[in-house]
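Sequences are here, hints too, so could you generate the full structure?
Chain by chain, the residues run as shown.
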Amino acid sequence: MAEMTGYAGKIARVDLSKGTVTTVETPVEVLKKFLGGSALGVYYLYKEGVVDPSVKPFDAANMLQFMIGPMNGFAPNARSVTVTKSAYNFISIATSGGRAAAELKFAGWDGIQIVGKSSKPVYLEVINDKITIKDAAHLWGKGAQETEKLLLDSIVAPLEFRESIVTDADMTPEWAAIRPPGGKGCGAKRLGAAWVIGQGGENRVWYANVITEGARAHGRYGPGAIMGDKKLKGIVIRGTQGQKFADKAKFLQLTKEIQASEAKDYFWRSYGTAGIGANTANIEDSYPIRNWQWDAWADPDAIKTLEGPFMDFTSFVHRMSCPNCHLHCMYTSQVTSADPLMDGAITDMPDWEAMGMVGGNLGFVELPGTSPNDTYKGTQADRAEGLAKTQFTTFRHDDYGMDYIEGGTLLALVAELRQRNLISAADLDGVDVKWGDVHSFDALLTKIVHREGIGDVLANGTWETAKYFAKKKGNDKILDYPVGQHRYGQPAHDVRGFDKNALEYVTVGRPSEHTGGGGAGFGKADYPAAIAGQNVKCSQDSLVYCIFAAGHWGGRTTGMVQAATGWSDFVEADLAKVGARQYAMNRLFDIHTQQLKDPKKDWDMVSYPKRWFEALPTGSAKGKRAYDGDVNKLFNEALPAYWKARGWSEDKGIPSTDKLKELGIDDIAESIAKTYR
Amino acid sequence: MTERLKERITDLQGQLRDGKIGRRDFLRYASLLGLSVGAAEALAACAPKATPTTAPPAQPTTAPAKPTTAPAAPTTAPPPAAPAKEPKKGHMLMFDPIACTGCLTCAVVCADKYATEYFPDYAKSNLNLEFSRIRPMRWQYVDYPNMCWYCHLIKWAEGSDLAPCAKVCPQNSIVVVPEGEGKAEFTGMGYMTVDRATCLGLEACGRCLEICEDQFGSGISFDPIEKKAQMCSRCGGVPACVDACPEPLALQFVPVGRDGRFYSQTPSEYARSLYYKMYGERGRV
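Protein chains in written order, with our numbering: chain A, 1 to 677; chain H, 1 to 285.
It is worth saying that the hints were derived from the structure and are not from the lab. Watch out, some of these pointers could steer you wrong.
Some chain A residues judged to face chain H by a derived CB distance under 7 Å, without partners named [claimed, not checked]: (1) Phe74; (2) Lys149; (3) Val166; (4) Thr172; (5) Glu174; (6) Gly185; (7) Cys186; (8) Ala188; (9) Lys189; (10) Gly242; (11) Lys248; (12) Met320; (13) Cys325; (14) Gln334; (15) Ala525; (16) Val571.
The C-beta atom is built at its ideal place from N, Cα and C for all residues, glycine as well.
Next comes the structure, spelled out in structure tokens:
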């Protein structure tokens, strides 16, 4: 194996059916094309045939990958990324912060690829080069928080462990007489990191995620469901091998510059995304309230419940950074409530997405018996209870290990169907879901996570739930209420106000991704600019670093890649090309695995939210609808123009042969593309 | 220092520079000539580093005498670079576990500094946190920056006032480097350090860490190359970690009295306490 810098130079392939661990070496020319992280993960889904429609999401042949990039280790703002075929049968790429990415590099790996299925619950213990498949019977059935605690307590590096040799003779007689040595030896250090699933993943809830550090998640597109299907409860890692650089001094200098810039960034340093709510919810008119029936409360005072300082003074406890990041955007919090169901639960913040998706979207802000049209008349104690409901529902999703964006979308769908009497409480096994009623939502969540009764339907996500009730009730109107493009829940940014353009959600490389980039370009219908933004974001997920810090990396990213890898010919344009490759491969993956002969009709338009085209009832964009309410304009004018700018066909969005050749991926993608053109 | 001693030391430095003797030999000979470990370290640093060897030294039948009063630092040898900040004695590191965000910046700076000092060839292109003397540990929702907190035994009750790790060390390798000795910005000013020349390392010994974890904290670690003990020497009174920390008041270097039992519980025990302090009895996991 050629020695590499930046990269560890190898990926672990774990086959849980056979119980084997082998090493995969990635050729440098492949790394230069895909970098690492998300793009390299998708490359392997093609290379290993997982893209093929014959490989079903819950087949042993599906591959779940934990990937990192060349700078992960000592680079600031590191994230890890999971890449697999989701239970929804589309591409699943999800990133998370935390220490595990660095620990994996220090253990000597650029990724872990898991294939096969274990017959019993297991976890992986990674101590440097040694990866051991271990029994997880004692962890199965436990939540993410407890599982992680137990795994972190179980791991020590060889230099941290030794049997006892100290005797009384090593001490003074007086000392030995008072406190003789206990004979435990060495082993008290706790420096590992872990990725785990909760009960959601164990029970293959389609939107189950992979958690680290209690509340950080590879949140979207259900990697936890695939992990649970493989009976893999967690991965605990301890690495002591450090990282080698082509130019360490330059790497450290650039890191210092990025950190100095971050240290002055009080946008992120002030409550992370929890600081945004009060600034923008009243202004952008893009906030989820009761399944997006409103995007702003008629009384702007309602948002005080989800305002950074109030949430901090009520519940925040501790700021937690990812390695070498000086933004510390995550705050732990503890619920304070008069309701014993919620009181004392530990979670994080809520961040922007949680405030929206399991806050406003479930009606937790308004007082009982009022609507978002009414003046807010609550006390500070009422606000604290509203916050508690949001935090508690966040805690439940994190500890069960489930995406609260798709989860919040699902619960809101069911609540609106009840509001409109399109379904009955009996359809929900007697759970009468109401806006703002945390107990009824929690009862439903318990059914979902254990797949009990109606929970077995809901566990397959929002779109499948809508289809089930539409069929059961013989009422296709039910299909108008799920809010998620490409069959997956829409994050807390609507397309009717001033936040996002609908085309962004239609074209983004992962279903309903809100962090895809290119927003300014979409706003001006400048598709080359939008595409450039999307491509850069893909390179960030491949390197893999955090978009919250991206501004501080500006102009330094290629320098960091060069300093890590020694690729002196690596330039800015190469980053964009990685993104362009990933977009083409994601698109073809989704089309091929679902075998879509008419991708626009059967994929891009299959579940687009009808709500996008309903007028907003309140707020700064009152009366506005996406594309002025014209579905045709979005899908038959804007979308083909975007596809054309990508070099894809205007009727189906299939990359042309020339485009695939230009991107250097015709060898793996052309045979698929040509069957769908 | 006598003229004869100066001559002999200069000769030894030359041999070290030419690679005729290793660093460990230099330190041993210098100690035999009466220099303290700290002073010898400073002199060794003035010559190019020899490649570190991994063979542990033979276990001595009798422990060498621990240097107590060392001769004054040499005046004729090239002086170490002047520290940018005034080194402080009698200080200790204190941290605020709520303000600390666990960003690891302290550990990166420490690891790079000491790896570069002891393993310059390796450190030319490698970074490795295992060389850090400060290791922030993260439990569920709790951060604790673990390191050596300089606890010591209580003479009237325990028969010694040494640090417990120093007391159980069969080589007397854990030493106090007095003010005026040691290498500026690394050792000295009355702070402890490990004499790497005589430490037997984890494979042969490791008593220092064992007794620390048995009854105090977990303040010792072992470097991954020679597997010798490492402990915080407070950078000789100018701790680099404190300068690097980005969070106001999270990590401070302050003059504070200690009675030998300050920060002297294991990281897991402190993490448990912090968890209850921060999240209370209601905290559920």
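Hint by hint, here is what the structure shows:
Interface hint status for phenylalanine 74(A): upheld, as the beta-carbon distance to the closest one in chain H is roughly 5 Å, under 7 Å. Below 7 Å, beta-carbon pairs count as interface contacts, and lysine 149(A) has one with chain H at about 5 Å; its hint therefore holds. For valine 166(A), the shortest C-beta to C-beta distance to chain H is roughly 5 Å, which falls under 7 Å, so the interface hint holds. Against a cut-off of 7 Å between C-beta atoms, the interface hint on threonine 172(A) holds, since the closest Cβ of chain H lies about 3 Å away.
Using the Cβ-Cβ criterion of 7 Å, the hint placing glutamate 174(A) at the interface with chain H is satisfied: the shortest such distance is roughly 4 Å. Hint status for glycine 185(A): holds, given a least beta-carbon distance of 6 Å to chain H, under 7 Å. With its C-beta approaching chain H no nearer than about 5 Å, cysteine 186(A) sits inside the 7 Å limit, and its interface hint holds. Satisfaction of the interface hint for alanine 188(A) is found here, the shortest Cβ-Cβ separation to chain H being roughly 4 Å, below the 7 Å cut-off.
A hinted interface residue such as lysine 189(A) counts as satisfied when its beta carbon comes closer than 7 Å to some beta carbon of chain H; here the least separation is about 6 Å, so the hint holds. Interface hint status for glycine 242(A): upheld, as the beta-carbon distance to the closest one in chain H is roughly 3 Å, under 7 Å. Look at lysine 248(A): its Cβ gets to within about 5 Å of chain H, closer than 7 Å, so that hint holds up. About 6 Å separates the beta-carbon of methionine 320(A) from the nearest beta-carbon of chain H, less than 7 Å, and the hint is met.
The interface hint given for cysteine 325(A) holds, since its Cβ lies 6 Å from the closest Cβ of chain H, which is under the 7 Å cut-off. This hint holds: glutamine 334(A) has a C-beta 5 Å from the nearest C-beta of chain H, less than the 7 Å allowed. Violation of the interface hint for alanine 525(A) is found here, the shortest Cβ-Cβ separation to chain H being roughly 41 Å, above the 7 Å cut-off. Because the beta carbon of valine 571(A) sits about 23 Å from the nearest beta carbon in chain H, more than 7 Å, this interface hint is broken.
Hint compliance for this structure: hints 15, 16 are broken, all remaining hints hold.
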